[in-house]
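Participant: What follows is the residue order along each chain.
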Amino acid sequence: MKKSTLRRADLVFSVSLMVVSIAAMIESVKLLFNPFGRDFEDVRGDDIKQSLETWYQSVGLVPFIIAAFVFVCALCLFHFARREGARFDFIKLGNVRALLKNEEFRVAVIVTVILSAYIFAFMPLCREYLDFFPRFQAFPFMIATFLMLFCMMVVFGEKKLVPILKYFVASALAAGAIAYGFGMLALIPLP
Amino acid sequence: MNGLVMLAQQFVELMDPMVLLILLMSTLLGVIIGALPGLSATMGIALLTGLTYKFPLDYTFAILLGVYVGAIYGGSMSAILLNIPGTASAAATALEGHPLALQGKAETAIKVTRLASIIGTFIGILALALIAPPLTSIALKFTSPEYFMLALFGVLICGSIVTSDIPLKGWIGGLIGLLIAQIGMDTLQGASRFDFGNNALMGGIEMVPAMIGFYAIPEVIKAFAKHDDEDMTVNELKDEKKEKISVIRLVYGKLRLVVQSALIGLGIGALPGVGEDVAAWVAYGAAKKTSKEPEKFGTGSYEGAIAPEVGNNAAIGGAMIPMLTLAVPGSPPAAVLLGALMIHNIRPGPMIMRDNPTFIYYVAALLFLGVVALWIAGMILAKPMTKILKVPKIYLMPIVAALSIVGAYAINNRAFDIVVCLVFGVLGYILDKMQYSPAPIVLGIILGNMIDENFRRSLIVSDGSLSIFVTRPISLLFLVIIVFVIVRMIIKKKPAAQAAAEPVAAASNEEE
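Residue numbers (this note's numbering), protein chains in the order written: chain A, 1 to 191; chain B, 192 to 703.
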């Protein structure tokens, strides 16, 4: 990543960190007065008084301190990025287009989408509809894994018939080996 | 003397053919993991921690330690043959190893680095067996304020050393890890924090899925984003012109360098969270500074190949010392190992010699046998390695992704852990692009609970007075060191890893 781009990323990240740390500080203060998540109408004045007297026992104390330090560090990062020349002037349509066309960004999105599909679609659907073999319970996982492996290999590999056939065989073998090896031989619970 | 007897007893107990076979196989696997670019020791251990969860303990530790020892060495093979370091700790080895391969001395270079790795690991284990048990008796004096300061010291020093950009990023990483560790049930009062009404979050963020996510998923993305398969040339392993000098004599002739690099590796390995890669760079830098022939560095110097390999392997033993005695891991793989021990109900720390009096000797004996396994594995894999390195990433990385999911799920059988793995994977990738190292974040997640519990316990004991942290000598000492580290880093503004790597990188650029 170029230095200027890195500093712009630092600028955006510092703002995100500030937001997260403020939210964490607010949540920590809530924990000081109401550690067990009761409705706030049920929190009595005596409870608040006792919480203030024993502030050092609060479950929210350490998270508050950490969040405060995160906030300070985020401020320093923001200041540093600004000093190095980063500004919020990069949010333009052209830059967004360039980011979408960026090869690495595309790869990151595709890998995330395939893995999300594997976790949230392939696995639940295969478990729901393909649980055919009571003695081989790893079968739905095997099919889901095969789909994920094959998708990833086809998307990132060569788009010709022979390589695709190779990917098919490699995915099937790998999915079978993982499901049988871990699920049946090593008796590791599979998702 | 008593220690040596206990070590000998552990050797006898480990003479189970099945354990020895598993150790050899896992060391072979470790060498392959280390050699394959994109797969690292930490990732291998993190993946296998989940996958071996249900195995008997003896087998699990043999697998994890075998992979650790093997992978740290394995990185040097691809560094020499491909000029692509298999692990970050082998990056310095590539600077000398690959020019040696180009000169037709690949076989000798691999043998020299293998011997250097074995000597380095051996010295590290020796230090572990000799230093760790007496250190636990000192650590027994630790109470809550000291533990709090120690954990804080671990996160801060790791943050200030491993980052490749500004030190602030290392500290932010450590703080993010600490904040993540606060999610879930608190251990003192049983109150749930930051769960936002979600039952899964109430159980907290499991460290193994988070570690797998941070170390494995970003590597999958990075591997597909790089287009280096086409022009990847693997050098032939066989020497073109046979070296007259024997490898043992060559390494023995550099005894001063070996001892110097081993001490550097041990010292840096023992610093919380810093690890083998920094040890390798610093050992390489020191070798260049103290060499009689510094001009040969960068052109294929055996000294330059020996120093980082001794350094990074000695760091294994060094990293295990604070991990076993203080529960503060010395390197990222040791951090993952600490997580593995914890999920198997072994609590490293000062009490380990009371709760498991033989455990440190058991680990030392297993690592000693791992050295022997490394010797055999190195010989077995030397020839086929040129073929193994040609396995295309298009087959390898999707399998790594699938194994990550299996490993993340295997610990608790919770679907939520798979989501944690994916979310932390994506977060790890974004942070990696912004030059945040995952090591302080992971260390923060591991030590977060220790910090929270001991800080509040100290305040409860002192009735809310912060003076407890400055009136106890060990606690005060840690506080002074923490302040010193922070002030020094602010003034210097250049992390140690970057500083160690810069002159070397400059030298290699000049070569190009």
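Quick caveat, the hints were computed from the structure, so don't treat them as lab data. Errors might be hidden in some of the hints.
[Said to hold, decoys possible] Reference listing, derived: stretches of chain A covered by chain B, where coverage requires no fewer than 3 residues with Cβ under 8 Å from a Cβ of chain B: (1) 39-52; (2) 90-98; (3) 116-126; (4) 129-137; (5) 150-161; (6) 175-186.
Here a beta-carbon is modelled for each residue, glycine too, at the ideal position from N, C-alpha and C.
Participant: The structure should be examined with respect to each hint, and the outcome stated for every one.
Facilitator: Hint-by-hint comparison with the structure:
Under a criterion of three residues with beta carbons nearer than 8 Å to beta carbons of chain B, the stated coverage of the region 39-52 of chain A fails, only 0 such residues being counted. Evaluation of the coverage hint for the region 90-98 of chain A: breached, as 0 residues show C-beta separations to chain B shorter than 8 Å, against a requirement of three. By the rule of at least three residues with a Cβ nearer than 8 Å to a Cβ of chain B, the coverage given for the region 116-126 of chain A holds, with 3 such residues. Here the region 129-137 of chain A counts 0 residues with a CB under 8 Å from a CB of chain B, which misses the bar of 3, and the coverage is violated.
Coverage of the region 150-161 of chain A by chain B holds [criterion: at least 3 residues with CB-CB distance below 8 Å; count 4]. Given as covered by chain B, the region 175-186 of chain A passes the check, having 4 residues with a CB less than 8 Å from a CB of that chain where 3 are the minimum.
The structure does not agree with the numbered hints 1, 2 and 4 stated previously, though it agrees with the rest.
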